[in-house]
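Listed here are the chains, written in short residue letters.
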Amino acid sequence: MIKGTMRWLDDRLGTSSFTRKAMDKVFPDHWSFMIGEIAMYCLVILIVTGVYLTFFFVPASREVHYEGPYAPLKGVAMSAAFASTLDISFGVRSGLVMRQMHHWAALVFVAALVVHMCRVFFTGGFRRPRELNWLIGVTLLILSIANGFFGYSLLDDLLSGTGVRVAYSIALSVPVAGEWLAFLFFGGEFPNTEFITRFFVLHVLLLPALIVGLLTAHLAILWRQKHTQFKGPGRTETNIVGSRLWPSYTLKSIGLFLLVTAVLAGLAGLAQINPVWLYGPYDPAQAAAATTGSQPDWYVGWLDGALRIMPAWEFRGLGHTVANPFFPGMLLPGLTFVGLYLWPFVERRFTKDTAAHNLLDRPRDAPVRTALGAATLAFYGILTVAGGNDVLAAMFGVAPETITNMFRVLVFVLPMSVFFVTRSACRSLKGTNAHPTEGVVGHHLRRTAVGSYEEA
Amino acid sequence: MTESDADSVVEPGAEPVPASSDRATERNIAVSLVVSTLAALGLAMVYIGGGQAQAEGALLMVALGGLGVAVILWARLLVPGPEITDERGETGSPAEDAEAVEQNIEETLDDAPGEMGRRSVLRLFWVALGSLGLAALFPIRSLGPSPGRTLLTTAWKEGLRLIDQEGRLVRVDTLVVGGTLTVFPEGAEKAADAQAVLVRVAPGLIRPRPGREDWAPEGNIAYSKVCTHVGCPVGLYQEDSHELVCPCHQSTFDVLDGARPRFGPATRALPQLALDVDRDGFLVARGDFDQPVGPGFWNLG
Amino acid sequence: MTAWRARLAVLLPLVGAGLLAVSAGAVQPAQAQLPPPGAAQAQVEAGRQLYLVACTSCHGARGEGGERGPTLVGAGAASAHYYLSTGRMPLNQTGVQPQRKPPIYSEGEIEELTAYVASLGPGPSQPHIDVSQGDLAEGYELFSNNCASCHSSAGIGGALGHAIYAPGLKPASTSQIAEAVRVGPGAMPVFGPETIDDHQLESIVRYVVYLKNPDDRGGYGLGHLGPLPEGFVAWVVGLMAMLGVARWIGTRD
Numbered sequence: 001m002i003k004g005t006m007r008w009l010d011d012r013l014g015t016s017s018f019t020r021k022a023m024d025k026v027f028p029d030h031w032s033f034m035i036g037e038i039a040m041y042c043l044v045i046l047i048v049t050g051v052y053l054t055f056f057f058v059p060a061s062r063e064v065h066y067e068g069p070y071a072p073l074k075g076v077a078m079s080a081a082f083a084s085t086l087d088i089s090f091g092v093r094s095g096l097v098m099r100q101m102h103h104w105a106a107l108v109f110v111a112a113l114v115v116h117m118c119r120v121f122f123t124g125g126f127r128r129p130r131e132l133n134w135l136i137g138v139t140l141l142i143l144s145i146a147n148g149f150f151g152y153s154l155l156d157d158l159l160s161g162t163g164v165r166v167a168y169s170i171a172l173s174v175p176v177a178g179e180w181l182a183f184l185f186f187g188g189e190f191p192n193t194e195f196i197t198r199f200f201v202l203h204v205l206l207l208p209a210l211i212v213g214l215l216t217a218h219l220a221i222l223w224r225q226k227h228t229q230f231k232g233p234g235r236t237e238t239n240i241v242g243s244r245l246w247p248s249y250t251l252k253s254i255g256l257f258l259l260v261t262a263v264l265a266g267l268a269g270l271a272q273i274n275p276v277w278l279y280g281p282y283d284p285a286q287a288a289a290a291t292t293g294s295q296p297d298w299y300v301g302w303l304d305g306a307l308r309i310m311p312a313w314e315f316r317g318l319g320h321t322v323a324n325p326f327f328p329g330m331l332l333p334g335l336t337f338v339g340l341y342l343w344p345f346v347e348r349r350f351t352k353d354t355a356a357h358n359l360l361d362r363p364r365d366a367p368v369r370t371a372l373g374a375a376t377l378a379f380y381g382i383l384t385v386a387g388g389n390d391v392l393a394a395m396f397g398v399a400p401e402t403i404t405n406m407f408r409v410l411v412f413v414l415p416m417s418v419f420f421v422t423r424s425a426c427r428s429l430k431g432t433n434a435h436p437t438e439g440v441v442g443h444h445l446r447r448t449a450v451g452s453y454e455e456a
Numbered sequence: 001m002t003e004s005d006a007d008s009v010v011e012p013g014a015e016p017v018p019a020s021s022d023r024a025t026e027r028n029i030a031v032s033l034v035v036s037t038l039a040a041l042g043l044a045m046v047y048i049g050g051g052q053a054q055a056e057g058a059l060l061m062v063a064l065g066g067l068g069v070a071v072i073l074w075a076r077l078l079v080p081g082p083e084i085t086d087e088r089g090e091t092g093s094p095a096e097d098a099e100a101v102e103q104n105i106e107e108t109l110d111d112a113p114g115e116m117g118r119r120s121v122l123r124l125f126w127v128a129l130g131s132l133g134l135a136a137l138f139p140i141r142s143l144g145p146s147p148g149r150t151l152l153t154t155a156w157k158e159g160l161r162l163i164d165q166e167g168r169l170v171r172v173d174t175l176v177v178g179g180t181l182t183v184f185p186e187g188a189e190k191a192a193d194a195q196a197v198l199v200r201v202a203p204g205l206i207r208p209r210p211g212r213e214d215w216a217p218e219g220n221i222a223y224s225k226v227c228t229h230v231g232c233p234v235g236l237y238q239e240d241s242h243e244l245v246c247p248c249h250q251s252t253f254d255v256l257d258g259a260r261p262r263f264g265p266a267t268r269a270l271p272q273l274a275l276d277v278d279r280d281g282f283l284v285a286r287g288d289f290d291q292p293v294g295p296g297f298w299n300l301g
Numbered sequence: 001m002t003a004w005r006a007r008l009a010v011l012l013p014l015v016g017a018g019l020l021a022v023s024a025g026a027v028q029p030a031q032a033q034l035p036p037p038g039a040a041q042a043q044v045e046a047g048r049q050l051y052l053v054a055c056t057s058c059h060g061a062r063g064e065g066g067e068r069g070p071t072l073v074g075a076g077a078a079s080a081h082y083y084l085s086t087g088r089m090p091l092n093q094t095g096v097q098p099q100r101k102p103p104i105y106s107e108g109e110i111e112e113l114t115a116y117v118a119s120l121g122p123g124p125s126q127p128h129i130d131v132s133q134g135d136l137a138e139g140y141e142l143f144s145n146n147c148a149s150c151h152s153s154a155g156i157g158g159a160l161g162h163a164i165y166a167p168g169l170k171p172a173s174t175s176q177i178a179e180a181v182r183v184g185p186g187a188m189p190v191f192g193p194e195t196i197d198d199h200q201l202e203s204i205v206r207y208v209v210y211l212k213n214p215d216d217r218g219g220y221g222l223g224h225l226g227p228l229p230e231g232f233v234a235w236v237v238g239l240m241a242m243l244g245v246a247r248w249i250g251t252r253d
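So the sequence lines, in the order shown, correspond to chains U, Z and H. The first sequence maps to residues 1 to 456 in my numbering. The second sequence maps to residues 1 to 301 in my numbering. The third sequence maps to residues 1 to 253 in my numbering.
Do not rely on the hints blindly, as some may be mistaken.
To give an idea of the interface, some chain H residues facing chain U are shown, with a C-beta separation under 8 Å as derived from the structure [stated by the list, open to error]:
id, residue
1, S57
2, S144
3, H162
4, D216
5, R217
6, G221
7, L225
8, E230
9, G238
10, L239
11, R252
Over the 12 Å line for every Cβ pair with chain H, so calculated as not near, a few chain Z residues [to be verified]:
id, residue
12, T37
13, E96
14, F125
15, L152
16, L160
17, T182
18, R200
19, G204
20, P210
21, G301
Cut-off 27 Å, straight-line C-alpha distance, at most; resulting in silico cross-link-like pairs (DSS-like, lysine-lysine) [stated by the list, open to error]:
id, chain 1, residue 1, chain 2, residue 2
22, U, K3, U, K74
23, U, K21, U, K3
24, H, K101, H, K170
25, Z, K157, U, K74
26, H, K170, U, K74
27, H, K170, H, K212
28, H, K212, H, K101
29, H, K101, U, K74
Hints were generated in silico from the structure; no laboratory data involved. Note that the coordinates shown come from a computational prediction; the quantities given were computed from them, not determined experimentally. The beta carbon of each residue, even a glycine, is placed where N, CA and C say it ideally should be.
All chains should be modelled from the sequences, with the hints used to inform the complete structure.
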């Protein structure tokens, strides 16, 4: 049956020539090359569950009074969007699992993207000829973070609504154009009846289209350029060692997809995420409420942390204000992403290495790059943890002021120390096969020209 | 992991799977598939029975997991052997293709004898396209209203009485000392930017700003509830230290000192609402807040 | 009828009624609205004896307060019952926020101490709460508007400034919840009957009781701490599991 279909297609499309070459294509097998695939399969689950949710979600701000089965909200005024979320969670069979799977997939998706980006960074996989794919990758990261934010804000619950208010205020703080930017993006002064619909269009239509399009380009470039590989016996800059696309790589990839989905399904049913019925609807006018312990989803946590530990500085003069949230809320992410985009070109300028590379570095082989990357991770890690300063304060019985001040110091001290420690560790490990923490097992001996042995 | 410098017989990567464990692998595949099938059937039954989130998730995990394990074991079975080596080839095209493309483009854009010359015509093309592009941006203007003075004022006006979230009027003695309430202007209950927090403190404790000595009748003092940092409602009233704390980023405002920020990222005090008591004992506003409410922006001044 | 039977016919019901009255008086709870005057006075006196043993060093010989403790005149029965039944008083340590701990007094002793403190001056009396009369949805709205900013939407508590925290509400009994609302202990604001009337208080208590066992149909609740533990689980459980799968599938060289 399969053979018949293939012949039918080939007769009309000439697919077999392409398929023949494709089946033989070699892909390296290292496990860390699958991280991007993990992200991709999370995206597939996001799309599948997302389509399902779109059938039930009502992207409207009009006020309704809840009459569904969840008793504590009976009769409470809320947007139709929030009410439909409650219906999905309590009324639609398997609706809650779908919703939770969608949300868990989003969290793991961005985590996988970050780890994938780190893998590419620390092994120098962004070097010529792969700069374009790096740029596309960074763009995919930005789009995914944005789409996640719009997605969980769609529910119009108390927690995410507070986050939308914060985003609106950050937009307002942009110098010169801030008010216009905020009013045009959100459809007027916040809160209003416009933004849910807008977020819906962005989250369901525009951003997914951009993400899928860029991902397709990302994969096409990878296909064309062939994947990089680690150095090793039999591996050179001009060959590629691994397994063939068919049957080996395809089956392994399908298996990975199934197991990724299995993990997400397990989380979806067993670990509750975003119980919006406990928060209740976002109704800033009537309720004017917010919950303590308000954090955004983890991938926005670094922005929230930056907002919290930023000291109370702002510029006021000549009749204008550059408000405080601008610096941690706009400038910091702007510099972050510009830095990420420019990195391949900056590194090339400093190392003067303009050659094409198909072999990857081990992180220890590029001490400065690895140290900078580790320090950067430490920096954003501190910011992310700082986003939970009030929860940490309550957990450890310490004043939030103390925790905040501690993070203000750590955010500079920790990356600097991480940089120096990492660089020195890389330099001492460079050229050896020693495990970074275990040290050398056994000895490497080398025979000298005169016939004696010496440590290699 | 052994690694030798010279090319060796031991292939890098996957260890070859000995043939004798093929049967064991096949058995494992079969078991995985059976488990997966049972789980899928169980999932169907749970769904028919009304659904239960934990059962659905767990069964789906087992169903997919079993399939996934089976597929991977099958891949191992089919291709246990060493890795393949292939040539990469060049990423760039052969030189003659690249040159041919360049030449094609050049010929189209090249200058040829004529009155205006192709290059000037081309420049006009860019100008026209650019203008069209600019004009095409204008529909963006329809996305929202002009900010105008919206951010500078709220619905509070002189004489408007305070109401709470239940719609009840607030008397001067509604709050006990140490109490707090969220209030809105009468007639504008849904105006989010007008939300204010009313706190009652022992009158002697307040250190009023100059000119605000009579803004807090009998210790009833009202500030904007919209945090001047990024706009969260400042709902935490810490009664013993008389501070309003914002739950989002812990900006802390001193109620006794004109809601000046004592800690946290907020840079400006919460705007204060001047209060008065009308003839019937209800609290009324004397006008709008003393400052625009909420976070800062370019034209705040 | 003989004479003595006639006398019995009159006496027996009277004795029976008398017995009934006495037994009814005996089973009336201490905070009944009209306790027999003699019993109340005895309670206050017993409370004063307990007070003299443990409380005078901070609160003064007659509850007038001092350097180390506030005055109890006007604190009221609600305040005393709240602090004593949650074990926050007597304090283990001054200078830090009073912690909930197992009360050192029995219920009877707490009632006696409460009666004594109430006798010192007029103050908030213990609220009478019938949880079943509360409206759950009204309770949600009031809780969200008034309580969630400090105690969180799930009632698990949160940090305030100056190393003070709003405690989690799970261990609180219905009477303690109501008393705390009326008393405003420590950093908590005071919500008098003009702002939250008695029926609204019942609704709030009913909602807080619900929060002790909220609807967690989505699975393990992760402490109801929100996106923080969710992000943690996504990395440490979700992504780690998937990376483990990748390591199983792929090579390590």
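(Q) Output the indices of the hints that this structure fails to meet, ascending. (A) Violated hints (numbers, rising): 1, 17, 18, 22, 25, 29; every other hint is consistent with the structure.
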